[in-house]
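Construct all of the structure, not just a fragment, from the sequences and the given hints.
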Amino acid sequence: MLSGLTSRTFEHLQLGAGLFLKQFDPDAAATLPDLRRLLTQAIAGGTGLLGATRGGGSFQCKPALRQVEADGLRAPVRGGTVNDGWTVKLTGTLLEITPDSFSDALACVDKTVQGGVTTLRPRLDLRSEDYIPRLCWVGDTAKGLMLIELTHALNLSGAAFTFTDKGEGLLPFEFQAHQAGVTPEDPAPGRILFTTCFPASRRFPGVTLFFRCHAFTAISAALPNFHQKLAACASVSALFRQKSFLTRTNDRELVQQATSECNTQKTWPMPLF
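Residue 1 is where the sequence shown starts when you use my numbering, and the numbers rise one by one after that.
The hints are simulated quantities; they were obtained by calculation from the structure and are not laboratory data.
Treat the hints with care, as some may be off.
Straight-line Cα separation of at most 30 Å, DSS-like style, residue types lysine-lysine; simulated pairs [as the list claims (entries may be wrong)]:
{"id": "1", "residue 1": "K62", "residue 2": "K22"}
{"id": "2", "residue 1": "K89", "residue 2": "K143"}
{"id": "3", "residue 1": "K62", "residue 2": "K89"}
{"id": "4", "residue 1": "K143", "residue 2": "K22"}
{"id": "5", "residue 1": "K143", "residue 2": "K62"}
{"id": "6", "residue 1": "K22", "residue 2": "K89"}
{"id": "7", "residue 1": "K22", "residue 2": "K111"}
{"id": "8", "residue 1": "K89", "residue 2": "K111"}
Taking CB as the label site, the calculated pair distances span [said to hold, decoys possible]:
{"id": "9", "residue 1": "G45", "residue 2": "E168", "range": "21 to 27 Å"}
{"id": "10", "residue 1": "V77", "residue 2": "T183", "range": "25 to 31 Å"}
{"id": "11", "residue 1": "T112", "residue 2": "G181", "range": "28 to 34 Å"}
{"id": "12", "residue 1": "E69", "residue 2": "G4", "range": "33 to 39 Å"}
All C-beta atoms in this analysis are idealised placements derived from N, C-alpha and C, irrespective of residue type, glycine included.
Now the structure itself:
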């Protein structure tokens, strides 16, 4: 029986419901441990945490596609489809109900605190400070983390708070991303990041390399000058296509071969790690 299941399937799973953070900057992390440390600090601080959810959530990045109409056109034609823009959303249901989470749901609201009482008053006008500059969902994968970031997010569904006997109150949300300006060439107001060992790949002509964390120690011990010798040359591409990542010292021969072929090439001016 044919199936898409392979030995790599369980390395490519997204796991769990993840969490939502406001004003979280993944670019501040240089390594995966750094990213996990920043997440731990954000959760412990609580200021950027949207709150506990129920039922997970969803992400939508939908293009506004349309087909150019012309007399004599009997079927859609390749190249005749136009993308007029993007709708980028994160949705979910908050189980944790706080003045901050309710404010985020109401979108345009004035909040005042007097003594132990926080008062929320919805208003008509929408102000620039009502947008959340950065809203990020972070979830685990089998080999690292996955992040989805929306810029200038605003909850479009308002506050649809439900409560029930012998149950808990729930507050659904539907945050939509917005562009910062009106430049039509601007990219969609969001991005998706997959991180395993490092948050960004090190790019060379013809090849993109992702390294496992444990490989660095073994290679550094065997080849102290590996950083300087591995050049940005196309010859490395064929070698590393044989293996998508380095695994401990049994790959030393492959590294030495790549290093030998790069000796005559211009060396890479900065360390890979």
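Hint-by-hint comparison with the structure:
1. K62 <-> K22: Roughly 22 Å between the alpha carbons, so the hint for K62 and K22 holds.
2. K89 <-> K143: 25 Å, holds
3. K62 <-> K89: Cα-Cα ~9 Å, so holds.
4. K143 <-> K22: Answer holds: K143 to K22 is near 24 Å, not above 30 Å.
5. K143 <-> K62: Measuring from Cα to Cα gives roughly 27 Å; hence the hint holds.
6. K22 <-> K89: 15 Å, holds
7. K22 <-> K111: 18 Å, holds
8. K89 <-> K111: 25 Å, holds
9. G45 <-> E168: 21 to 27 Å: Check passed, 24 Å falls within 21 to 27 Å.
10. V77 <-> T183: 25 to 31 Å: 29 Å, holds
11. T112 <-> G181: 28 to 34 Å: 32 Å, holds
12. E69 <-> G4: 33 to 39 Å: 37 Å, holds
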